[in-house]
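K.L.:
In terms of this note's numbering, the sequence shown has 558 at position 558, counting the first letter as 1, and numbering is strictly consecutive.
Rather than coming from a laboratory, the hints here were simulated on the basis of the structure.
Model, not experiment: these values are computed from the prediction.
No residue lacks a Cβ here, since even glycine has one placed at the ideal position from N, Cα and C.
Check each hint, because a few of them may be wrong.
So the derived label-pair ranges between C-beta atoms look like this [said to hold, decoys possible]:
1) 351 - 512: 51 to 59 Å
2) 316 - 209: 47 to 55 Å
3) 107 - 525: 51 to 59 Å
4) 499 - 714: 24 to 32 Å
Under the rule of at most 30 Å between Cα atoms (straight-line distance), these lysine-lysine pairs were calculated in the BS3-like manner [claimed, not checked]:
5) 158 - 107
6) 63 - 241
7) 385 - 338
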Amino acid sequence: MISSIWRYSHFLLTAVSALFLLLASITGAILALEPATLITQPYAVVDLDNTSLSSTIKALENKYQEVLEIEKTAENFVTASVVTRDNENRQIYVHPKTGVALGNVEKQSVYFNYVTNLHRSLFLKTIGRVFVGVVSFLLCLIAFTGFFLLAQRQGGFKNWFNRVQETNIGQRYHVILGRWFLLPIIIIGTTGVYLSVEKFSLTPETQISHNWNATPTTGLQEFSTSEIPLFKNLKLSEVRKVIFPFSEDVADYYELELRDRELLVHQYTGEVVSEVQYPFAYFVSKWSMLLHTGQGNIFWSVILFIASLSILFFMYSGLRMSIKRIQKTKPIFSTFHKDEAQYILLVGSETGSTYAFAKAYYKALIAVGVKVHLATLNDYNTYKKATHLIVFTATYGDGDAPSNARKFKDLLQKIEPSSNMKFAVVGFGSLRYTHYCEFAIQVNDALSAHPSFSKLQSLEKINEQSPVSFTNWITRWNRLTGMNLEVVLPIISEKEAKFLKFEVVSRSNLNVDETTILRLKSKNKVDFQSGDLLNVIPGKGIKARQYSIARIDADIYLSVKQHTKGVCSHYLSNLETGVNIKASIERNPYFHLPEKASSVYMIANGTGIAPFLGMIINERGNIPIRLLWGGRTLASFDCYEAILNAKLPERNDFKYNLALSQEGEKIYVQDVIKHREKEVGQALKDGCVFMLCGSMAMQHSVLDTLEEIAQKELKQPLSDFENNGQLLTDCY
1 MISSIWRYSH FLLTAVSALF LLLASITGAI LALEPATLIT QPYAVVDLDN
51 TSLSSTIKAL ENKYQEVLEI EKTAENFVTA SVVTRDNENR QIYVHPKTGV
101 ALGNVEKQSV YFNYVTNLHR SLFLKTIGRV FVGVVSFLLC LIAFTGFFLL
151 AQRQGGFKNW FNRVQETNIG QRYHVILGRW FLLPIIIIGT TGVYLSVEKF
201 SLTPETQISH NWNATPTTGL QEFSTSEIPL FKNLKLSEVR KVIFPFSEDV
251 ADYYELELRD RELLVHQYTG EVVSEVQYPF AYFVSKWSML LHTGQGNIFW
301 SVILFIASLS ILFFMYSGLR MSIKRIQKTK PIFSTFHKDE AQYILLVGSE
351 TGSTYAFAKA YYKALIAVGV KVHLATLNDY NTYKKATHLI VFTATYGDGD
401 APSNARKFKD LLQKIEPSSN MKFAVVGFGS LRYTHYCEFA IQVNDALSAH
451 PSFSKLQSLE KINEQSPVSF TNWITRWNRL TGMNLEVVLP IISEKEAKFL
501 KFEVVSRSNL NVDETTILRL KSKNKVDFQS GDLLNVIPGK GIKARQYSIA
551 RIDADIYLSV KQHTKGVCSH YLSNLETGVN IKASIERNPY FHLPEKASSV
601 YMIANGTGIA PFLGMIINER GNIPIRLLWG GRTLASFDCY EAILNAKLPE
651 RNDFKYNLAL SQEGEKIYVQ DVIKHREKEV GQALKDGCVF MLCGSMAMQH
701 SVLDTLEEIA QKELKQPLSD FENNGQLLTD CY
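Model the full assembly from the supplied sequences, consistent with the hints where possible.
P.N.:
Here it is as structure tokens:
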């Protein structure tokens, strides 16, 4: 319940303030660059800690006709307002020890002035400042709610900087940037609120007043300006501003603004006539301005720049996550009321991902004529005609229930079922988390302990939303119940590639078909298996190319045919042993060797054989494998045969056949399949998994042939076997 409050508050606050927050973030990022451009100017020429105020005054008085004001900027530059020997008024950056002009003090550029006004008031003056102040306050609340959401996602504050487990790039960097930039964003928001409120005089007064009527001490020794003891003792680093007397009248004083106080100093004797400490509100105002703008600190201005840009990313990634959650949790209106349904399917999901599986399972049950009711775990109730309770649930945070499942265990104790039911629980999670499927375990235990429920099937845990694991569960379910469910799953998520360096361990010579086999080794620990994809970048600015790979002895094997105009194939075919290439491995779980199958029929042409080499070599003899490869000549197969002969252990359940298009019978792989149509038809019927890898032309021809065989021999469409997971393809 609490996490739901944080989430909905976080979402609503962002939605309400989105447009203004977008403008404030963009303009804030631009304005964060201004201090960085100022501080890089060449005006900080001496150490102000070792430069006295008197020496600077003396240098300026020797250089100019009159000095009106000296000021130290936030960047530790020294500026002076002077009258030159030519009676010209100038505002300049000066060398503190020589008085030499280093440059003119320019007004804020028209561009930055425009952006500043847009950032502060949206060009709406008072009403605009009100809007900006409110948005700053909402930003604080957004960051505050995000702070608690992030802590829950990480499993508590103690795990704040633990490794981020998300694989989706949007969610992953929402968390990573969040934990690093939440504090700067909170600072931006709170200082923005304070500065806005200050403009409306709603903060304590920061101005101070001197006693200008104080009577100076008489009879004191008089000094020239540069010889006043106070000025000699003060370092420029302690001074913010010095305003010189307007006239020679003794009632006109030097006005000094220091770090923590202001002074009125007698212009002849150097006596401190008045000294007033700054109030606390002054320091709050000063630091709010510095922290909000980054003035004088290039490191902080860079942080503000990145933090402002991160807000834009948070808005984008947050919107995508919200849309995805809404899409995934879009309710299916159950065809049957809870009291007429035979099957009750209850779902627990925080992000909506589990709904994809639940909806697919729900539709499969409906398709075979089962009356099923779909609801959340929080909707658990009595069911008059139900015989089965199926639970699909994820786990949130540190082993907690998802928001739509928090009430379930309490409801289970309070509500007495109308009749006894069989149950099965499917848990969804990630092995990267310590409490893998923890809530599913709790639900399974609670139902097991309840006298009205009997276990139909052991708890099933699905790692990383694996369609293969889920399909295997469906297969076991069908075997157990006698059903013939055909579950069609959508693609759940895309894995983002991380580019690494891979060393070329070996490269075979080009064969008669201009084909080579590369063996690569990663310099980092990489989890992959045969059938995954290797994304290779052949050069700067060139789009990555994908190759299906084999895993043999923990190394990557890929087969490359050099094409005349192929940039990547030419690049890979000419690599020398020992060089490094930039590439990434993309998980391709839909084209892994099945964990269980009556047999596997691997069909490839050309370089498409690569992943099959790894699968064949690493398969431990549990699944009979037949390989059918198509190439031009017998010599085309030599490089692959060498690997099989060297690596393949002795086994009787592996056979291979070649279809050569330029030698012998001059046939293609589809011709071999057609010639063995009865054998292939029986294999389909027996549950054989057909795996295709190679060209799209080969895929189309083979699928057409398999369709003919399925219709002729089995009186079924090929889609029946595809939906049952018996047809896996990775063609290009």
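K.L.:
Look at each hint and say if it fits the structure.
P.N.:
Results for each hint:
In this structure the supplied range 51 to 59 Å holds for residue 351 paired with residue 512, their Cβ-Cβ distance being about 52 Å. Checked against the hint of 47 to 55 Å, the C-beta distance between residue 316 and residue 209 comes to roughly 50 Å, which is consistent with it. For residue 107 and residue 525, the hinted distance range of 51 to 59 Å is satisfied, since their beta carbons lie about 57 Å from each other. Under the hint 24 to 32 Å, the C-beta atoms of residue 499 and residue 714, about 45 Å apart, miss the expected range.
Under the criterion of a C-alpha separation no larger than 30 Å, the hint pairing residue 158 with residue 107 is inconsistent with the structure, at around 48 Å. Taking the CA atoms of residue 63 and residue 241, the gap is near 19 Å; set against the 30 Å cutoff, the hint holds. Taking the CA atoms of residue 385 and residue 338, the gap is near 8 Å; set against the 30 Å cutoff, the hint holds.
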